[in-house]
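S.K.: Please arrange chain B on chain A, whose structure you already have, making use of the hints.
First to last, the sequence lines map onto chains A and B.
Just add 397 to wherever you are in the first sequence, counting from 1, and you've got the numbering used here.
Just add 1 to wherever you are in the second sequence, counting from 1, and you've got the numbering used here.
Think of the hints as simulated: they come from the structure by calculation, not from any bench.
Be careful, since some hints might not be right.
As the list claims (entries may be wrong) - A short list of chain B residues far from chain A (calculated; beta carbon distances all over 10 Å):
#, residue
1, T22
2, A67
3, K70
4, S75
5, P77
6, S82
7, T84
8, P111
What the hints assert, rightly or not - Short derived list, chain A residues pointing at chain B, Cβ under 8 Å:
#, residue
9, P436
10, L442
11, P500
12, N505
13, L509
What the hints assert, rightly or not - Residues on chain B that point at chain A, a partial pick, calculated with CB under 10 Å:
#, residue
14, V86
15, F101
16, S103
The structure presented is a predicted model; accordingly, all values stated were derived computationally and were not measured.
Glycine included, C-beta positions come from ideal geometry on N, C-alpha and C.
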Amino acid sequence: NAGVTQTPKFQVLKTGQSMTLQCAQDMNHNSMYWYRQDPGMGLRLIYYSASEGTTDKGEVPNGYNVSRLNKREFSLRLESAAPSQTSVYFCASSFYEGGEGSPLHFGNGTRLTVT
Amino acid sequence: LAKTTQPISMDSYEGQEVNITCSHNNIATNDYITWYQQFPSQGPRFIIQGYKTKVTNEVASLFIPADRKSSTLSLPRVSLSDTAVYYCLVGYSSASKIIFGSGTRLSIRP
Chain A
398 NAGVTQTPKF
408 QVLKTGQSMT
418 LQCAQDMNHN
428 SMYWYRQDPG
438 MGLRLIYYSA
448 SEGTTDKGEV
458 PNGYNVSRLN
468 KREFSLRLES
478 AAPSQTSVYF
488 CASSFYEGGE
498 GSPLHFGNGT
508 RLTVT
Chain B
2 LAKTTQPISM
12 DSYEGQEVNI
22 TCSHNNIATN
32 DYITWYQQFP
42 SQGPRFIIQG
52 YKTKVTNEVA
62 SLFIPADRKS
72 STLSLPRVSL
82 SDTAVYYCLV
92 GYSSASKIIF
102 GSGTRLSIRP
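Bound-form chain A, shown alone (with noise of 0.2 Å):
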């Protein structure tokens, strides 16, 4: 039992260049999320999808996009890299969008650097 699977672990990107992290859960869970973490900071909210099919935008969501593959994958993809968007991002997944037993599970991120 994996949990949530990201990939890659490091990339390195020119500024304009474009790029899509990946991400993948096997715990059968229905909502999936995409977090941003600059260092000494908490994690803001970039997109999630409370279910397979919708996609709704969190605190940060200029210059991203997500695409909810299917119930298990959950991507995220910068079109045009800017040295702003140089983080460490997070995926997530809940087996509802909240509520009483229902944690979030972190994958251990990608750390993304935008020269």
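M.R.: The following block gives chain B in isolation, referenced to the frame of chain A:
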């Protein structure tokens, strides 16, 4: 959105009990209180969740007073491996309301 306030950092020693308090004055009736632990280079890990009074699991206890305007995470007999950042979250009615603050950086010394 329910905003939380918790100490930026705390220090303690191995074998001690550590209590981290979180203030959440505008908690809503339906909100739950959830704590996560984060080690360097890892994603946060769920520790405990509660609504009122006291909740205990194999890792920690969560104390919530009747007015629910604060909560205290209690870690019994900490070890060096408990050195981490601890986040208090309030809410859970929808993903957009899950707000991570800066957390409490707990350092345990031998």
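S.K.: All hints are to be evaluated individually against the structure, with a verdict given for each.
M.R.: Now for the hints, and whether the structure bears them out:
no., hint, verdict
1, T22, "holds, 17 Å"
2, A67, "holds, 19 Å"
3, K70, "holds, 20 Å"
4, S75, "holds, 18 Å"
5, P77, "holds, 21 Å"
6, S82, "holds, 17 Å"
7, T84, "holds, 16 Å"
8, P111, "holds, 25 Å"
9, P436, "violated, 11 Å"
10, L442, "holds, 7 Å"
11, P500, "holds, 4 Å"
12, N505, "holds, 6 Å"
13, L509, "violated, 14 Å"
14, V86, "holds, 9 Å"
15, F101, "holds, 4 Å"
16, S103, "holds, 5 Å"
In summary, the structure is inconsistent with hints 9, 13 from the numbered list given earlier, while agreeing with the others.
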